[in-house]
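As they're listed, the protein sequences go chains A and B. Residues 1 to 176 in our numbering are what the first sequence lists, from first letter to last. Residues 1 to 191 in our numbering are what the second sequence lists, from first letter to last.
Any given hint might turn out to be false.
One side only, chain A facing chain B, incomplete, derived with CB under 10 Å [to be verified]: (1) 6; (2) 9; (3) 63; (4) 171.
Here are the simulated lysine-lysine pairs, DSBU-like style, with alpha carbons at most 30 Å apart [stated by the list, open to error]: (5) B:191 with A:105; (6) B:191 with A:46; (7) B:49 with A:46; (8) B:47 with A:46; (9) A:105 with B:149; (10) B:55 with A:103; (11) B:149 with B:55; (12) B:47 with B:149; (13) B:48 with A:103; (14) B:48 with B:149; (15) A:103 with B:191; (16) B:49 with B:149; (17) B:55 with A:46; (18) B:149 with B:191; (19) B:48 with B:191; (20) B:49 with A:103; (21) A:105 with B:49.
Covered, in the sense of this in silico footprint (three residues per stretch, anywhere, with C-beta under 8 Å from a C-beta of chain A), are these stretches of chain B [to be verified]: (22) 15 to 21; (23) 48 to 60; (24) 80 to 90.
Simulated from the structure, these hints should not be mistaken for lab results. For each residue, glycine too, the CB sits at the ideal point set by N, CA and C.
Residues per chain, in single letters:
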Amino acid sequence: MKDDSPISGFLVQALLVSIVAVGGVNAVLPELHRQVVDIHHWLTDKQFADMFAIANASPGPNMLIITLIGWYLGGFAGAVLATLALCGPTCLLTYCVAQVWEKFKDAPWRIAVQAGLVPVTVGLIAASAYLLARAADHNAVAYALTAATAGISYFTRINPLWAMGAAVAFGYAGFV
Amino acid sequence: MSDSTAAETLEQTNVPTLSEIFLGFLGIAITGFGGVMPWAQRMLVEKKKWLTPEKFAEDVALAQFLPGPNIINLSIVVGSRWRGPLGSLAAVTGLVGAPVVLMMICGTLYARYGDAAWLSGPLAGLSASAAGLVIAVAAKLATPLLRGKRIMAICFALISFIVIAFLRVPLWWVIFILGPLSVAAFWWRLK
């Protein structure tokens, strides 16, 4: 950790990331990397890649790479403030919209908005599934792990953590 | 809204308490390897049955179209519907609390050892598996559209999939252009 703590600058970044994070962490990662590594030099390229790996490997929202960077730059307070910057403002907005949303749950405009947004969202999630699989799958073992997990999760009631555990073991052994 | 009490009592049969909300989202968070949405679907819809598949799809759509991390928005939306502001607080602290502590522990270890390269092998396996989970989420969300032969919905889902997956248009294009177009089409049809 450095003496001239860059945490205040990073909090602004966390807030911006939160606002544009309509598509999950993968959508904001390039911009976050540009700001944190290329422009402000708060982290090296390797540190950023390592933190991305840690945030992805740990359970919980992957967006918490923000918390991890906050911790690295500003200790406990940095982690807490970065998390609040990430979640606070957008949570308030979502809460307010949710109130309006519930109040007008039988209004024709709301029924139309909902009917319109659901299929677009289904398409978006399908697209992110496709892009995740393309990024992760470089050999037959990886494709098989993806397909097996998808099949187990869709067709059975088996906890997919078993599939994930097996996949991690395959990865550790160097097969993926 | 006293005239809709019948519908409300029907909905409220499955309303979780504050501690159930907190523990439910805590459970989602700590099992949520490689992305949390699949685990939210599993917990909220399949295990606890707090949400029907349709309601889950609607709430995810709302969470997706608002700024902020989707899964965190989702916790706010469902928490507030069940128990107001405290419900939202219980959901979001359950979802974020433990992972934040975990991030601090990981941060401390990382600062000491300064290397996470050994993670690359296990993470490659985890990522491949996590992609499969998201495929299953997409399939579960798409199933009602396909079963119901809802042609217009299927068309908009396909367009949304193709422009992001293959044409690689920026996401804001879908949020600000395709979303409103789809809403307008349904508005016109429902009128």
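Legend entry - Given hint residue 149 (chain B) paired with residue 47 (chain B) - CA-CA distance at most 30 Å: Holds. Residue 47 (chain B) to residue 149 (chain B) sits at ~27 Å (cutoff 30 Å).
Legend entry - Satisfaction of the residue 6 (chain A) interface hint, Cβ to chain B closer than 10 Å: At about 15 Å, which exceeds the 10 Å cut-off, the nearest Cβ of chain B leaves the hint on residue 6 (chain A) violated.
Inset, instruction - Take the C-alpha atoms of residue 47 (chain B) and residue 46 (chain A), compute the straight-line distance between them, and say whether it is at most 30 Å. - result: violated, 40 Å
Inset, instruction - Quickly compare the C-alpha distance for residue 49 (chain B) and residue 46 (chain A) to 30 Å and report which way the hint goes. - result: violated, 43 Å
Inset, instruction - Could you grab the alpha-carbon distance between residue 49 (chain B) and residue 103 (chain A) and see if it respects the 30 Å cut-off? - result: Status holds; Cα separation ~23 Å.
Inset, instruction - For the pair supplied as a hint, residue 55 (chain B) and residue 46 (chain A), confirm whether the alpha-carbon distance does not exceed 30 Å. - result: violated, 42 Å
Legend entry - 8 Å C-beta criterion, at least three residues: is the segment 80 to 90 of chain B covered by chain A: With 4 residues in contact (Cβ-Cβ under 8 Å with chain A), the coverage given for the segment 80 to 90 of chain B holds.
Inset, instruction - Starting from residue 48 (chain B), check that the Cα of residue 149 (chain B) is at most 30 Å away, please. - result: holds, 28 Å
Legend entry - Restraint check, 10 Å cut-off on beta carbons, for residue 171 (chain A) near chain B: holds, 2 Å
Inset, instruction - Would you mind confirming whether the straight-line C-alpha gap from residue 105 (chain A) to residue 149 (chain B) stays at or under 30 Å? - result: Distance of about 25 Å is within 30 Å: holds.
Legend entry - Cut-off 10 Å, beta-carbon criterion: hint that residue 63 (chain A) touches chain B: holds, 4 Å
Legend entry - Agreement of residue 48 (chain B) and residue 103 (chain A) with the hint, judged by alpha carbon distance not exceeding 30 Å: Distance of about 25 Å is within 30 Å: holds.
Checked against the numbered hints listed earlier, the structure breaks hints 1, 2, 6, 7, 8, 17, 19, 22; every other hint is satisfied.
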